[in-house]
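In terms of this note's numbering, the sequence shown is residues 565 to 660.
Some hints here could point you the wrong way.
[Stated by the list, open to error] Cut-off 20 Å, straight-line C-alpha distance, at most; resulting in silico cross-link-like pairs (SDA-like, lysine to any residue):
no.	residue 1	residue 2
1	Lys607	Ala580
2	Lys602	Gly634
3	Lys607	Val635
4	Lys607	Val575
5	Lys606	Gln619
6	Lys642	Thr595
7	Lys651	Ile594
8	Lys607	Cys592
9	Lys602	Gly588
10	Lys642	Ala613
11	Lys602	Lys651
12	Lys651	Gln619
13	Lys602	Ser624
14	Lys606	Lys651
15	Lys642	Lys602
16	Lys607	Leu659
17	Lys607	Ser630
18	Lys642	Thr625
19	Lys642	Lys656
20	Lys651	Gly617
21	Lys651	Gln638
22	Lys607	Glu591
23	Lys642	Val593
24	Lys607	Ala578
25	Lys642	Arg571
It is worth saying that the hints were derived from the structure and are not from the lab.
Keep in mind it's a predicted model, so treat the numbers as computed, not measured.
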Amino acid sequence: SSRKHARTAQVVDAFAELMKAQRGEVECVITSAVPLTKPQLKKIQDGLASQTGGQAVAVSTVVDESILGGVTVQIGDKFLDMSVSSKINTYKRGLM
565 SSRKHARTAQ
575 VVDAFAELMK
585 AQRGEVECVI
595 TSAVPLTKPQ
605 LKKIQDGLAS
615 QTGGQAVAVS
625 TVVDESILGG
635 VTVQIGDKFL
645 DMSVSSKINT
655 YKRGLM
């Protein structure tokens with residue numbers, strides 16, 4: 565059943581998180597409006613590694629056209645929004 569499959573997926577995800585923690589890995593999700601090139605991804609990974617004190621960073625990427633441009637970066641409970649849509653929203657709020 566799909567319920568059993570969903571629970572199995574949750575267990576697998578939880579186990580993966582525990583293994584990352586055991587290895588001292590930090591999970592990071594990078595969202596961009598278009599797929600990142602390998603050089604762009606490498607530059608971001610290098611920057612992240614320097615910010616995490618040399619901890620290994622497990623990076624996954626997501627494409628979301630709604631951010632229009634730029635990137636958002638989620639590392640654990642920290643979120644950095646450098647998207648064009650965020651800048652437009654900030655500008656709009658300043659005009660009101």
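The hints, checked one at a time:
1. Lys607 x Ala580: 26 Å, violated
2. Lys602 x Gly634: 16 Å, holds
3. Lys607 x Val635: 13 Å, holds
4. Lys607 x Val575: The hint is violated at about 33 Å.
5. Lys606 x Gln619: Satisfied, since the Cα-Cα distance of roughly 15 Å is no more than 20 Å.
6. Lys642 x Thr595: OK: Lys642 and Thr595 at ~14 Å, within 20 Å.
7. Lys651 x Ile594: Roughly 17 Å separates the two Cα atoms, so the pair holds.
8. Lys607 x Cys592: OK: Lys607 and Cys592 at ~14 Å, within 20 Å.
9. Lys602 x Gly588: Not OK: Lys602 and Gly588 at ~24 Å, beyond 20 Å, violated.
10. Lys642 x Ala613: Roughly 15 Å between the alpha carbons, so the hint for Lys642 and Ala613 holds.
11. Lys602 x Lys651: With a Cα-Cα distance of about 25 Å, the restraint between Lys602 and Lys651 is violated, given a limit of 20 Å.
12. Lys651 x Gln619: 30 Å, violated
13. Lys602 x Ser624: 13 Å, holds
14. Lys606 x Lys651: 25 Å, violated
15. Lys642 x Lys602: 24 Å, violated
16. Lys607 x Leu659: Measuring from Cα to Cα gives roughly 35 Å; hence the hint is violated.
17. Lys607 x Ser630: 23 Å, violated
18. Lys642 x Thr625: 16 Å, holds
19. Lys642 x Lys656: Roughly 25 Å between the alpha carbons, so the hint for Lys642 and Lys656 is violated.
20. Lys651 x Gly617: Between Lys651 and Gly617 the Cα gap is close to 29 Å, so the pair fails against 20 Å, i.e. violated.
21. Lys651 x Gln638: 17 Å, holds
22. Lys607 x Glu591: 17 Å, holds
23. Lys642 x Val593: 11 Å, holds
24. Lys607 x Ala578: Cα-Cα ~29 Å, so violated.
25. Lys642 x Arg571: The given pair, whose Cα atoms are some 27 Å apart, is violated under the 20 Å limit.
In this structure, the earlier hints numbered 1, 4, 9, 11, 12, 14, 15, 16, 17, 19, 20, 24, 25 are contradicted, and the remaining ones agree with it.
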